[in-house]
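Protein chains: 2
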Amino acid sequence: MGALGRLALGRPTREFAPRAKPRPLRVRYALPLLAPDALSSVAYAPDEILLTLAAAGLVGMSLSPWVGLAIAAVMAVVIASYRQTIREYPEGGGDYTVAKQNLGLAAGGLVGGAAMVDSLLTVAVSVSCGAQYFASIIPPLESHPKTVAVGLVAVIMLASLRGLKVLDNLVILAVYAFIAALAVTALVGGIEVAAGRLGPSPAEGLEVVPGRDFEHGLTVLAGAFLALRAFSSGAVALAGVQTISTGVQRFCDPKPRNAARSLAVLGTACAALLLGTLWLGSQVGAVIVADPARQLRYPSGAPVPADFHQDPLWAQIAQAVFAGARPLSVIVIGLVGLLLILAASSAFRWVPALMSMLAEDEFLPKQFYRRSDRRVAAHGIVTLGVGSSALIMVMGASVTRLIQLYIVGVFASFTISQLGMTRHWNAKLPLAKTAAERRRMLVSRAVNALGLALTAVALVIVVITKFTHGAWISLGLVGGAFWIMRLIRRHYRRVAAQLALPKGDRRDLGLPSRVHVIVLVSAMNRATARALAYARATRPSTLEALSVAVDMARVWELRRAWDRADVPVTLRILDSPRRDITRPLVDHIMALRRRSPRDMVVLYIPEKVVRHWWERWLHNRSAARLTSRLRHLRGVVVATVPWQLGPSEEPK
Amino acid sequence: MGALGRLALGRPTREFAPRAKPRPLRVRYALPLLAPDALSSVAYAPDEILLTLAAAGLVGMSLSPWVGLAIAAVMAVVIASYRQTIREYPEGGGDYTVAKQNLGLAAGGLVGGAAMVDSLLTVAVSVSCGAQYFASIIPPLESHPKTVAVGLVAVIMLASLRGLKVLDNLVILAVYAFIAALAVTALVGGIEVAAGRLGPSPAEGLEVVPGRDFEHGLTVLAGAFLALRAFSSGAVALAGVQTISTGVQRFCDPKPRNAARSLAVLGTACAALLLGTLWLGSQVGAVIVADPARQLRYPSGAPVPADFHQDPLWAQIAQAVFAGARPLSVIVIGLVGLLLILAASSAFRWVPALMSMLAEDEFLPKQFYRRSDRRVAAHGIVTLGVGSSALIMVMGASVTRLIQLYIVGVFASFTISQLGMTRHWNAKLPLAKTAAERRRMLVSRAVNALGLALTAVALVIVVITKFTHGAWISLGLVGGAFWIMRLIRRHYRRVAAQLALPKGDRRDLGLPSRVHVIVLVSAMNRATARALAYARATRPSTLEALSVAVDMARVWELRRAWDRADVPVTLRILDSPRRDITRPLVDHIMALRRRSPRDMVVLYIPEKVVRHWWERWLHNRSAARLTSRLRHLRGVVVATVPWQLGPSEEPK
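If you read the sequences in order, they're chains Z and R.
So the first sequence is numbered by my numbering: it starts at 9 and just counts up by one.
So the second sequence is numbered by my numbering: it starts at 9 and just counts up by one.
Simulated from the structure, these hints should not be mistaken for lab results.
Values in this document were obtained by computation on a predicted structure and should not be read as measured data.
Fair warning: there could be bad hints in the mix.
Identical copies go unnamed one by one, so any copy, or any two together, can satisfy a pair.
[Unchecked claim] Computed list of lysine-lysine pairs in DSS-like fashion (alpha-carbon distance at most 27 Å, straight line):
1. LYS441 to LYS263
2. LYS511 to LYS616
3. LYS108 to LYS154
4. LYS263 to LYS173
5. LYS173 to LYS441
6. LYS374 to LYS616
7. LYS441 to LYS108
The task is simple: from the sequences and hints, build the whole structure.
In structure tokens, the structure reads:
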């Protein structure tokens, strides 16, 4: 089977994240595998720029190239900064590690919380946008955006739970196909523009009604604020560029160099894609507004119908460029939609890794540390699926509204991470051995400081312009996640302090004086016989069999069976006036403990092990309650002696 | 505090069913406590008779006294039969015991399943009907019957979960008040009739449109079938008379005699109530139809409005009798509603008792046997609340539709129980010592045989006339309940057979050759130290400490701490390439077992006992998974050594 076959099909595997460390990949595979996050955000950012500017009508939309250039400039600086992060943190912890190591664990926790919330929003935004693209080629989907989006999330979630390795190969293929399709579209579009034969977009000729604030044209102040708002929406294009810095270990050697190069390539592609999209969009006369029914008008002055469907930008571009060849435009639109879905699925892949990292620092329950454990990973995956579905439902699958939430977390992480890198260089600078090394560090620090300045400014703009549009929700979510994580960590710290062995204090290692063994008996049967034999085998100081009298007839039956079986252990019956099993036993054991507090008590409980889940309701319920009650007594050990029930009645 | 105060207030108690056997009560308290089931069904039966007959217009409704008399006759026979049951089964098992002891366990199971389904329907019917009565005095409730009914179920369920003893006293008071109110109403109504001054019912003057089948009057055949249908609906009046036979033990000595007398009193009251209601209803010109919008017409010929509210029968009667004194009618209607609600609440009281009885015969999970256990009883109560709410929602809180389901189960139980009693006399007859005794038995058998004949005929009528109206649903539910109960019993039987100690076979009692003890270690702390000390105290043949290497840094830390603590036990580290804890340990223990299959292995696991439920997610997860895996290995005992985490950091 050739490389292509392996790419397309993968190996038939049902194993889930089999190794703690995945196999390193060549750049041509690793780069596209980590690219969907960054590429997908560039797919929807231009729409947001245009629809924000459209508030000022077509005049406003003409500002879009300048906004695009500003975003591309910030992107260049951020990419340069992250290349440094990759070189300094080749183990690939990303923003979390940078923040933790340079700014302290609390900053790390904040970045971790933001990353958790961002993962929800990545899925919600990508899938909602993907649903829009699919709806523009399959019109019946138009009227049910929420259902389609939640359905897609469910499909991705199930695929992730299965741990389908074939997804990786699909991602690599889809990224190349996406790049190729968009490049071909741009090329054909460019030729058509040069030949003056570019077909009109479906939106061609529609007029954009300026909002009330812009009815009398653009003032400088209003225009500047509008441009800032468009910038802060479009800045979502930067989301996902940090993914490569978390995945350095997926590259083959030399890992940091390959990763840094890949990031440069990816950044260039993203910037080209962003600017190219805005240019092509203006060439085809694409129109994107927030509220088509109110903002769009036919040249005749009539408003568009209430159920007017507005295609997303790349759908409009592809339809214009391939006006005469609908199948081609369907392919392009389908690939954009597919890439968006795969970007969502990649969040499902990195969330378990993120949770494992947070669990290592005790920000999350310890079990999440073992991310190769299928059941543990499943918790994270299901939480992500359910949480993002909830966001989609609450926000009505509206990409624009979801992005208002998304962008805050993205830039908060950027800013903290850049601050961390700046401090990293400050701390490292005195360690420089040569002047050349020192010079390089100074340059690096300057890059990160510039990155910090730009992302901080962007963050301020985002928070100011978006606060009432939903930024407060994501700030609340991040704060909530951080608070819970701190609570968990504090709990673990407190437990560790309580459990610390005092130096030189060997009290806890001192042996109890005597061992009292009690065997819990409800009937005389083989399971009880085994428990009795095992209890006797440990040769305890005292041994007694205990039964609680719930029903006199049964007590007599038990006594007879006991005598018949000729067990060399005395059977003691505890009275229970209220048919309760737990209370008399606990009282008995507590009395025993009080008489000899330095001894230990071991309670042997015969347990029937059933084969089907529903059978669990039929057995061991009293034992389970007793166990959970006895846990709170000091010096009492509960030993369960299992008896495996077979499928048939054959003796074993 | 006097008797009245105790009646009204009860003792302040938070205890739940504190004794397995409740205190016996004098007849004046026991009878009303057990009466609501029977009385409530007589409260809604006349409505059903009238609305069935109304299909033939006012002509049809004139048949109602005859139908009422037929039901009263059946009731007399059934009451006589149950008085025999009470005398023969004074321990009070009711239909279930009668069926089980005379017809075999399968018949008992069938009766038990029917009783479970009937409990759901008692609650659904009583509460839906109670909601109607409340709606007729609080008009805003009219338009939300389902919400009101489900809300009432929730209130009753919560009160039952709290185990409010004061409910008992409320029931006793309410029954006397109900009887008094209805007697006064009947008396005043009778005087008004005699004086010719009876006020008109709100429905007075409305015309009833006969259904299409009866447009041209009543043929004999159609009339007979209609009367049969009315009989089978009205026969619901018999529901609940068997309650006293299950509660014989609640009466003071001589229990059977007091209970049998009480039943006679109750039966007389029910029959009087049924006939009196029908008579008063016809006197006031009350009109009850299934579908007011289609079946009712003003004298002018105009149909009633679509939102016409039809009051239930006693509401119409009370309003007519107390036409000039609305507060009095409100009190009467309110008391009828209250009695219905209390009848529902009594089902919540006897369902745990029923489940306990079924659990004793292994038809239900064993834990239900201990019905004084609050948490066990809660399962039954919540199931009943949720199930009856579901029925109410599905059936739209329609009393008529719910009764179609209810009546089948009621008569199925009656018939099986009467069959059982007839066989009981057949078996007992040869044991008669004197001719007088024999004669008494023959009379008794004749009574039960007559009861069997009548209830069997009624059952056939019910199934035939109601099958498509919903009887099939309740037959399905009863069948399903019976099937599940049989499954459970079969499982217990099979387990018992597997566990039976073979006679003379002392293999299971033979001691294992050696005891290998393993202590599971994840970190060196006080909890681990205690587990080590306890494990050493049992002086095993071999002892080792085991840790699974998930992370090299932690392994080195553990080794250092181990050496520092100077523990006289060797620490063994198991490698885990996949960061999985369970697999390496299970493999290790299985290897040990294979080397020496006649030995036993005890795994000591230090367990952190937390104080809050949410903290459980933060600890012992790996141990829990390991334990559930090890359960399936023979000869492996898991002993958990608890360490109680304190609220603060103080050492203890």
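Under a CA distance limit of 27 Å, which applies to LYS173 and LYS441: within one copy, between copies, both, or neither?
neither (46 Å within a copy, 84 Å between copies)
Is it within, between, both or neither when you check LYS374 against LYS616 at 27 Å Cα-Cα?
Only across copies: LYS374 and LYS616 sit 14 Å apart there, 30 Å inside one copy, limit 27 Å.
For LYS441 and LYS263, with the copy left unspecified, which applies at a CA distance of at most 27 Å: within, between, both, or neither?
Cα proximity of LYS441 and LYS263: one copy only (25 Å, versus 102 Å across).
Using 27 Å as the alpha-carbon threshold, which applies to LYS441 and LYS108: within, between, both, or neither?
Answer is within; shortest intra-copy Cα gap is 26 Å, inter-copy 95 Å.
Please work out whether the CA atoms of LYS511 and LYS616 approach to 27 Å or closer within one copy, between two copies, in both situations, or in neither?
between (43 Å within a copy, 21 Å between copies)
At 27 Å max between alpha carbons, let me know whether LYS108 reaches LYS154 within a copy, between copies, both or neither.
neither (38 Å within a copy, 56 Å between copies)
Reference check for the pair LYS263 and LYS173, CA-CA at most 27 Å: within, between, both, or neither?
Within one copy, since 22 Å is at most 27 Å while 74 Å is not.
Checked against the numbered hints given earlier, this structure breaks hints 3, 5; the rest are met.
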